[in-house]
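With chain X's structure known, arrange chain A on it following the hints.
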Amino acid sequence: MSRDTDRMLRRGATFVEILVGAAIFAVIMGIVGSWFFAQKRQQEQFLRITESQDRMQQALWKIIQEVKTGRQIIWPRLNADKSPRTDSRMVFKNFRGEIAAYYYVPSAREIRRCLIPNGPGLPVVDPTPIGRGIDGASFTVMAVDNKLISVNLSANRLHFVDAVRLVNE
Amino acid sequence: MNRRGIALMVVLGLLAVMGPLVFFLSSFGSSQTRQAVHYHERLSTEAVAWSAIEAGIANLQGGGGAGTYNGTIQGLQMTYSLNPTGMGMASQTLYNVFGRSTSPGQQYAFLVNCEQYPVSPPTPGNLVIPHHFWGTLQPFDITYAPDCLSMENARGVDLLALEQTRAYELGTTQIAYRAEMTAKQAQLPAELAAIWPSVTDVLVAQKSCPNP
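Chain order of the listed sequences is X and A. Going by the numbering used here, the letters in the first sequence line up with residues 474 to 642, in that order. Going by the numbering used here, the letters in the second sequence line up with residues 830 to 1041, in that order.
If you're looking for bench data, these hints aren't it; they were derived computationally from the structure. The model shown is predicted, which means the values in this text are computed figures rather than measured ones. A portion of the hints provided could be inaccurate.
Straight-line C-alpha distance at most 30 Å; calculated DSSO-like pairs for lysine-lysine [said to hold, decoys possible]: (1) A:1036 to X:513; (2) A:1036 to X:620; (3) A:1036 to A:1013; (4) X:555 to A:1036; (5) A:1013 to X:541; (6) A:1013 to X:513; (7) X:555 to X:535; (8) X:535 to A:1036; (9) X:620 to A:1013.
Looking at chain A on its own, in the form it has when it is part of the complex:
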């Protein structure tokens, strides 16, 4: 066997070993793996955004006021912003609290209304009542006033839907409400139709201002 033959055998041997190895390693970078990482990041981003909101509420409980605060949690950037919107009837200060977390390719933002009741004499534990937690994946910049306004408007659409629902409940008698809900059973998937009478009972019991 001459040198050319030996070289050929070495090359063939390397190919026989390296081929499967390269194929095997390249599969680890497949789309499924990347997708799993993508959703892991999404979950982490949402969790950190939620932590940002909780940090904002804790800040108000500790007597904090308007401002924008930054930090990192588990390597993810988080920001929360306390935006005063006025005074309530019980002299409480009203705030819109925005929380946001960003990671490469992901963003999550929350918005909640808060009422801060100052305690007299001042102590670290102010009473803070939060209302209407709302979240979005839209890339709002919560440090930019027009984006904050857009976020409030987007949430306002959902709040209007809630108002309509409550107005319907208030304006309907229990009997009419039950009839409306019961009529939906025929259009429901089998899995839900089976429990719908029980669900209707709960809905009727919880109806706003239960009229006879």
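Bound conformation, chain X alone:
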């Protein structure tokens, strides 16, 4: 290293050099920062969608698990002309012959379950909702034997639809 260069390094940085360095650093941080926040926004949106999917999957799974081994859909019933009918409530007889009901509560954005004894006894609403953060729920009965029902849940502009056949007599 020459003596001139050595002297230049030892004298320290001028104000202009610091300004240029800071400007370059700010530009780099700006690029990295904007990328980071863009990715974070995308990730938050992805997580919201994942959470909605998760909530709906959980709710759908709980509903279908009981309905699948149920015996008869009581509500909704087909229309008079035998066309499918949709409602935000579903009432059916479960495996044990009890009357089980799933219904949507718009004010709380929840799906709840109520078990009604098919005989003496009081109805019992499950203490925890079957699904939270649900924007809409509908149940459509589709067959004349009242054993085929589709469940449609929506949240965060996503829709989950599944159809279940009650397999027991």
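Chain A in isolation, oriented as in the chain X frame:
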């Protein structure tokens, strides 16, 4: 600027880039994502267990008999077991059909009674009538006789409840049954109370042995 300064700047620069990157990537392994995977596995396991039961019924329709059968569907292990329990009054063979699927941390099992009516002369299509499909998340081993018995007993509790319900329907007149059902309206949530009169009409119409 000496070498130490350059090294410091390089380290700071790497931290500025890597810090957010590591944070961003680590969030993908968050609990929400893991939970979503968990429920996806649960749904898949249940679907495969159901397929196992359907495979068991199809086996009986094809003239199959007692035995345990294994396989995989979409990478998930499934097993079904055909357990004969005796003969019926119409010379049909009675079976308990168990179906199970397992995945890491998940298990689902189904049990159904089947009546197999042999066709004469023997053809591939035996008449099979299934009754009382029942499912559980309990980790029963359907290839192990005591576990099969436990599963039958667990389902038996639910069947006893069904018997009680049907006995109540049979032993009650239509008027008394309607009165009992109608009285529940006051205790129901508003969403259900609104449709309860229509529900009661259907229940009364479907009541076992509708007495006047």
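Each hint, compared with the structure:
1. A:1036 to X:513: 58 Å, violated
2. A:1036 to X:620: Distance of about 17 Å is within 30 Å: holds.
3. A:1036 to A:1013: 17 Å, holds
4. X:555 to A:1036: Holds, at about 22 Å.
5. A:1013 to X:541: 26 Å, holds
6. A:1013 to X:513: 51 Å, violated
7. X:555 to X:535: Holds, because 28 Å separates the two Cα atoms, which is no more than 30 Å.
8. X:535 to A:1036: 27 Å, holds
9. X:620 to A:1013: 25 Å, holds
Violation of the numbered hints given earlier is confined to hints 1 and 6; the remaining hints are satisfied by the structure.
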